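Engineer: So the protein lines, in turn, are chains A and B. Going by the numbering used here, the first residue of the first sequence is number 897, and it counts up by one from there. Going by the numbering used here, the first residue of the second sequence is number 897, and it counts up by one from there.
Derived by calculation from the structure, the hints in this document are not laboratory data. On a predicted model such as this, the values are computed, not experimentally measured, just so you know. Please note: incorrect hints may appear among the correct ones.
[What the hints assert, rightly or not] Below, a list of computed lysine-lysine pairs in the DSS-like style, where the Cα atoms sit at most 30 Å apart:
#1 B:Lys-1009 - A:Lys-1247
#2 B:Lys-1040 - A:Lys-1247
#3 A:Lys-1238 - B:Lys-1047
#4 A:Lys-1238 - B:Lys-1130
#5 B:Lys-1247 - A:Lys-1009
#6 B:Lys-907 - A:Lys-1105
#7 B:Lys-1238 - A:Lys-1040
[Claimed, not checked] Quick partial rundown of chain A residues pointing at chain B, CB under 7 Å, derived from the structure:
#8 Leu-900
#9 Leu-941
#10 Ala-992
#11 Gly-1022
#12 Lys-1029
#13 Asn-1143
#14 Ala-1162
#15 Asp-1180
#16 Ile-1226
#17 Pro-1232
#18 Glu-1236
We put the CB at the ideal spot given by N, CA and C, even for glycine.
Protein chains: 2
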Amino acid sequence: MSNLYPGIIRKYRQYLPVAEASIVTLHEGNTPLFESVRLAKHYKLPIKLYFKLEGLNPTGSFKDRGMTYAVSKAHEARSQAVICASTGNTSAAAAAYAARMGMKAIVVVPQGKIALGKLSQAQIHGAQVFQVKGNFDQALEVVKELAENPKVTLVNSINPHRLMGQESAAFEIVESLGDAPDFHFIPVGNAGNITAYWRGFNRLHQEGKCKSLPKMCGFQAAGAAPIVLGHPVKNPDTVASAIRIGNPANWQSALDVARDSDGFIAAVDDEEILSAYRAVAQLDGYFCEPASAASIAGVLKMAKQGFFQKGQIVTCTLTGHGLKDPDIAIQQSPPPVVIEPKGAALLEHLKL
Amino acid sequence: MSNLYPGIIRKYRQYLPVAEASIVTLHEGNTPLFESVRLAKHYKLPIKLYFKLEGLNPTGSFKDRGMTYAVSKAHEARSQAVICASTGNTSAAAAAYAARMGMKAIVVVPQGKIALGKLSQAQIHGAQVFQVKGNFDQALEVVKELAENPKVTLVNSINPHRLMGQESAAFEIVESLGDAPDFHFIPVGNAGNITAYWRGFNRLHQEGKCKSLPKMCGFQAAGAAPIVLGHPVKNPDTVASAIRIGNPANWQSALDVARDSDGFIAAVDDEEILSAYRAVAQLDGYFCEPASAASIAGVLKMAKQGFFQKGQIVTCTLTGHGLKDPDIAIQQSPPPVVIEPKGAALLEHLKL
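The shape of chain A in the complex, shown without the other chains:
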């Protein structure tokens, strides 16, 4: 069995210590770094642009990287259940890893506000799913009240093991490129992931495994941009449900990352997000969830302002798979044409 890819805890053993018997993995990580070809050309980008396809993790988002470690550590600490609030991706990952470990998962999501695919994931993995009459920020308050119970482990990104696991995406980018990129663009919701990437790049830099550090460029959705605005947003509103967060847990940390890396946190509006979402699917053939496209929208916005120099290397985290949210894709596309089951009926509609 020597050649089985072992998942990120066993791959990055020195950074992710945990008892061997507690390791739970779905073979997360090892996701492709994917070069933009037609999108980069279409928008005349002067850069080399790469997408980290985090939607190809087992539950379809980057959350698996942190959840493998958080659930393993919860098991090691003899916890019986994991609990989280979620816009959908965290709950899918928590439910899946808990199932694999034989632990209970309790997930709390905002009612009517998470994507269909994500809800289906928490349910099919056997989590106890609660919908609060409120938004994500309220759901997070609810679960925090329970986190004092020693039988339960909170696996939101305020759990430090989550971010430790998520550093692995930065490790993989450096392995793929042979160095750090010039810029890393990333969507910002609860602001945990930008923090984790920065720590990951720094760790390798300190160990001499990359020569440089990237400027970290985080993008919030304009309707849910508390960090950009400088104050919490009571009713965050954006099509990008995964980053529809008004009071991020890692707020200060995101500001620190922006300052320390000589980067920034900015916003893109829903129109820019959806335009980038369609562009990457139609030009580069990759279907990401709307929140993921915030990072691409950010690249396109900065490119318009002449921000990049020729030949610079830019990586973008595409956080989750488009299949997480099929309804948005259908809304954003022309409807199918209905035809009779005859070749002639099809030919009528085609210009060949």
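Since chain A is already given, all that's left is putting chain B on it; use the hints.
Structural biologist: This is chain B only, laid out in the frame that chain A set:
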């Protein structure tokens, strides 16, 4: 850029010849081989059971392996468009690869009979989507009428390049295990994939890269089991939409594979399929589409009959990701509980 995983054409260059300028890849392949832990234990299976997680390909199914090569060869042949009939996974892959190459995709699906996620994929990648008033078999007849046009390449599995690409999954299994498994279990719809795996295992066997060959065990859904019944099924009916096919294109080939490998083609009913579908999600933490679970249902059925010997190595192809078909997962799960945004409201429902 030396460490970027290059996708299957460049990885298996000797088996998949095509002009370099025509290669189109979404970095498909390199999917995890995943050991069943809790499912195998729960059902007291005497075997080592592995799942090949083909849902972690870029468009969420194994179809990407064949499509990378079929679209590359279509481009090499100066085709302007690709066309296919599909139960959903083929059209998603065709649309994505055509988008990345800048070619047109024309996809024909049975109206109202494909999973939501799959429809959303063809649409967002910019394919021209046609819904025929009929089933898959009728959709295939429609596209065959157009395949004579030299500007258009048919990319259904009757296109030989599709199956050549799909052989790569067998290569990866042998690489992961260090040899072929004792048995390979696989869902059977159009019967192309079982054919491709068998060819792939044989190729490596002839080259001395594996010592043995697996017995190939294919499973149809009972309501769409023409090969098992020995005659086409006019109105195939099963929850497993990806294998809802009444007149498979590779029918004879599937029978040959079963005979030559000392395996068989059998059927599992929808109840067995859905039970396996829930079990792998709830016990092993992996969410596959219903059709994928036909292979697991087959393993469980054969195990009940005492088919396996202790310690045998069994691999199962899980063809597509569960996110392809979120509606089925939601139907198969208890509904979420709606609560007020207060910790006390949550506590009421939990036994901690």
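Engineer: Compare the structure with each hint and give your call.
Structural biologist: Now for the hints, and whether the structure bears them out:
With a C-alpha separation of about 27 Å, the suggested pair Lys-1009 of chain B and Lys-1247 of chain A falls inside the 30 Å cut-off, and the hint holds. Under the criterion of a C-alpha separation no larger than 30 Å, the hint pairing Lys-1040 of chain B with Lys-1247 of chain A is consistent with the structure, at around 17 Å. A hinted pair counts as satisfied when its Cα atoms are at most 30 Å apart, and Lys-1238 of chain A with Lys-1047 of chain B qualifies at roughly 20 Å. At most 30 Å may separate the alpha-carbon atoms for a hinted pair to count; Lys-1238 of chain A and Lys-1130 of chain B meet this at roughly 17 Å.
Restraint check for Lys-1247 of chain B and Lys-1009 of chain A: the C-alpha separation of about 27 Å stays at or below 30 Å, so the hint holds. Taken as a hint, the Lys-907 of chain B and Lys-1105 of chain A pair is honoured in the structure, with Cα atoms around 26 Å apart against an allowance of 30 Å. Using a Cα cut-off of 30 Å, the hinted pair Lys-1238 of chain B and Lys-1040 of chain A holds, with the two alpha carbons roughly 10 Å apart. With a least beta-carbon distance of about 5 Å to chain B, the hint placing Leu-900 of chain A at the interface is held under the 7 Å criterion.
Contact between Leu-941 of chain A and chain B, as hinted, is not supported at the beta carbon level, the nearest pair being about 16 Å apart and thus beyond 7 Å. Checking Ala-992 of chain A against chain B: minimum C-beta separation of about 4 Å stays under 7 Å; hint holds. Taking 7 Å as the C-beta cut-off, the interface hint given for Gly-1022 of chain A holds, the closest approach to chain B being about 4 Å. This hint holds: Lys-1029 of chain A has a C-beta 6 Å from the nearest C-beta of chain B, less than the 7 Å allowed.
A least Cβ separation of about 14 Å between Asn-1143 of chain A and chain B goes past the 7 Å threshold, and the interface hint is therefore violated. With 7 Å as the threshold, the beta carbon of Ala-1162 of chain A stays out of range of chain B, its nearest partner Cβ sitting at about 26 Å, so the hint is violated. The closest approach between the C-beta of Asp-1180 of chain A and any C-beta of chain B is roughly 6 Å, which is under the 7 Å cut-off, so the hint is satisfied. Below 7 Å, beta-carbon pairs count as interface contacts, and Ile-1226 of chain A has one with chain B at about 5 Å; its hint therefore holds.
The interface hint given for Pro-1232 of chain A is met, as the beta carbon of that residue sits about 4 Å from the closest beta carbon of chain B, less than 7 Å. Interface restraint check: Glu-1236 of chain A against chain B, minimum CB-CB distance 6 Å, threshold 7 Å, status holds.
Hint compliance for this structure: hints 9, 13, 14 are not met, and every other hint is.
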